[in-house]
Amino acid sequence: MTEIRAEMVANVWKVVAAAGEQVRDGDTLVILESMKMEIPVLAEGDGILTNLAVAEGDVVQEGDLIAVIG
Amino acid sequence: MLESVLVANRGEIARRVIKTVRRMGIRAIAVYSEADAELPFVREADEAVLLGPAAPARSYLDIEAVIGAARQTRARAVHPGYGFLAENPSFAARVIAEGLAWVGPPPAAIQQMGDKISARNLMERAGLPVAAGSRAPVTDASAAVAEAERLGYPVMVKAAGGGGGIGMSAAADAAELRAAFETARSRAERFFGNPAILLERYIGRARHVEIQILGLADGSVVALGERDCSAQRRHQKVAEETPSPGLAAGLRDAMLAAAVRAGQAVGYRGAGTVECLVDTAAQDFVFLEMNTRLQVEHPVTELVTGIDLVEQQLLIAAGLAVTFDPGAVALNGHAIELRVYAEDPRRFLPSPGKIISWNEPSGPGIRVDAGYAAGNEVTTFYDPLLAKLCVHGGSREAAIARAREAVAAFVITGPKTNLPFLAELLASREFASGDYDTSVIARLRPGMG
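Protein chains in written order, with this note's numbering: chain A, 1 to 70; chain B, 1 to 449.
Hints in this document: simulated from the structure, not taken from any laboratory. All of these numbers come straight from a predicted model, not from anything done at the bench. Here a beta-carbon is modelled for each residue, glycine too, at the ideal position from N, C-alpha and C. Watch out, some of these pointers could steer you wrong.
[Unchecked claim] Pairwise CB distance ranges (calculated): (1) B:VAL329 x A:GLU62: 42 to 52 Å; (2) B:ASP284 x A:ILE48: 51 to 61 Å; (3) B:ARG234 x A:GLY26: 13 to 23 Å; (4) B:GLU360 x A:GLU21: 43 to 53 Å; (5) B:ALA132 x A:VAL16: 33 to 43 Å; (6) B:ALA146 x A:VAL16: 46 to 56 Å; (7) A:ASP25 x B:ARG71: 52 to 62 Å; (8) A:GLY63 x B:ARG261: 50 to 60 Å; (9) B:GLU3 x A:ARG5: 50 to 60 Å; (10) A:GLU21 x B:GLN264: 50 to 60 Å; (11) B:PRO446 x A:THR2: 24 to 34 Å; (12) B:GLN264 x A:GLU44: 54 to 64 Å; (13) A:VAL16 x B:PRO446: 18 to 28 Å.
Just need the whole structure built from these sequences, with the hints factored in.
This is the structure in structure tokens:
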């Protein structure tokens, strides 16, 4: 199981993947936005996206859980 | 002269404009969002009006809110700074329709230069060299591939209505181009509300050199030297200097003359910048775009010319003569600007947060244009520029030595900053040699630039 966490304070601009989906290493799961920059959050390994913890418009703090790949 | 000026911007540029406005004895009016209430520019204005919430669309981009603030404070002029509404021709026209002085070029010039495709076509007609590229917007990925085959790879993909490097990327083949096209189109729509895309032939080893022009109240156009802005990450500038260490005298003269022609072709008034790409091997240049406003990096020009560009903008907007002799502009020494960003110095990722302490360098040949102070919160809503550290020296070597000391003396705690990276850039052999191009940062940080 891999937990993917936010590296910085940011707004969730786009949720690209959906919970339950099969994802591959490097796939874009979510796109964050901070200070006029888009920051893609990528899958760290292959697997099923068992949890997607954010929705578009959310604000995430550094260390917040974004997704879990099982 | 103008009795009052409303500064429709925030952060360091609002503060910098307010400083000159007040020095000239003019009433300075700030506007601000809820997120910026504590920033220095709000305190330093004679009056300040809250526009609305932090989101730019509900504050700094809200034309009605800005015009409302101008009416409420009986402002006589509007200075837009850079970004936000600075290059919005409808806003400029609205300011003029309200009977206020617009501190910028005529709306028609903004319009003509705002679309990169029409600007390129217009400049080509005015006799400026342009890169091989689209003469009309490219509407889908297949059309982009066809256009790239005509131009030859690699190509640069850009948002026609864009700026700030947003949505811009290079593509070496059709697969890369399809991906680059989709990215550019989605960002173009989102950031600029205009999905038009253009392609240009990509120039490999290039320098980004721009010319500062001023269109005077009498209709003449003068060039105030160049700025080399080749040190970029993600197509956004990090360090700028003047004079450019990469131009032979003949090429410089040709570029200054071309920039004056560009300004004349659109009836330019006020401060503007003609951006060019210089092919370092061939020692020739092409027109890239024109920015119809004050540029972020304008201080380096001020340091070598001794001319306050904001003062000239205000005089021109009032229909008055400038403070210097346009026929006798002397450039003295060398100036460098370093952009201090709230971002981590390894990967250049944004780093918002509260500023715990702020100690900036000072002394002869050092100028700091800062938007923040200790205790301020750097939010996620705006760009990461904290301050511009500018230095002036008798030679490039002297300026670099001064810059190294100034960077070492600049201490900000709280958000991460790129100051350690700026120290690395100044210490790098490539930057120090002067023989660098737009890939210099990518070479220092492979995969991050």
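Practice task
For VAL329 (chain B) and GLU62 (chain A), compare the CB-CB distance with the range 42 to 52 Å and indicate the outcome.
Solution key: About 49 Å separates the Cβ atoms of VAL329 (chain B) and GLU62 (chain A), which means 42 to 52 Å holds.
Exercise for the section: For the range 24 to 34 Å, tell me whether the beta carbons of PRO446 (chain B) and THR2 (chain A) fit it or not. Expected result: holds (26 Å)
Handout entry: Range agreement (Cβ of ILE48 (chain A) with Cβ of ASP284 (chain B), hint 51 to 61 Å)
Key = For ILE48 (chain A) against ASP284 (chain B), whose Cβ atoms are near 56 Å apart, the range 51 to 61 Å holds.
Practice task
Determine whether the Cβ-Cβ distance between VAL16 (chain A) and PRO446 (chain B) falls within the hinted range of 18 to 28 Å.
Solution key: Because 26 Å falls inside the window, the suggested range holds.
Handout entry: Pairwise beta carbon distance, GLN264 (chain B) to GLU44 (chain A), judged against the given window 54 to 64 Å
Key = The hint (54 to 64 Å, Cβ to Cβ) holds, given that GLN264 (chain B) and GLU44 (chain A) are roughly 56 Å apart.
Problem - Distance restraint hint 50 to 60 Å, applied to the beta-carbon atoms of GLU3 (chain B) and ARG5 (chain A) - result: holds (54 Å)
Handout entry: GLU360 (chain B) paired with GLU21 (chain A), Cβ distance criterion 43 to 53 Å
Key = holds (49 Å)
Practice task
Note whether the CB distance of ALA146 (chain B) and VAL16 (chain A) lies within 46 to 56 Å or breaks it.
Solution key: With Cβ atoms ~29 Å apart, the hint is violated.
Problem - Outcome for the supplied range 50 to 60 Å, where the beta carbon pair is GLY63 (chain A) and ARG261 (chain B) - result: Since the Cβ atoms of GLY63 (chain A) and ARG261 (chain B) sit about 55 Å apart, the hinted range of 50 to 60 Å holds.
Practice task
Starting from the hint 50 to 60 Å, judge whether the C-beta atoms of GLU21 (chain A) and GLN264 (chain B) obey it.
Solution key: holds (58 Å)
Exercise for the section: Determine whether the Cβ-Cβ distance between ASP25 (chain A) and ARG71 (chain B) falls within the hinted range of 52 to 62 Å. Expected result: holds (57 Å)
Practice task
For the range 33 to 43 Å, tell me whether the beta carbons of ALA132 (chain B) and VAL16 (chain A) fit it or not.
Solution key: holds (35 Å)
Checked against the numbered hints given earlier, the structure breaks only hint 6 and satisfies all the rest.
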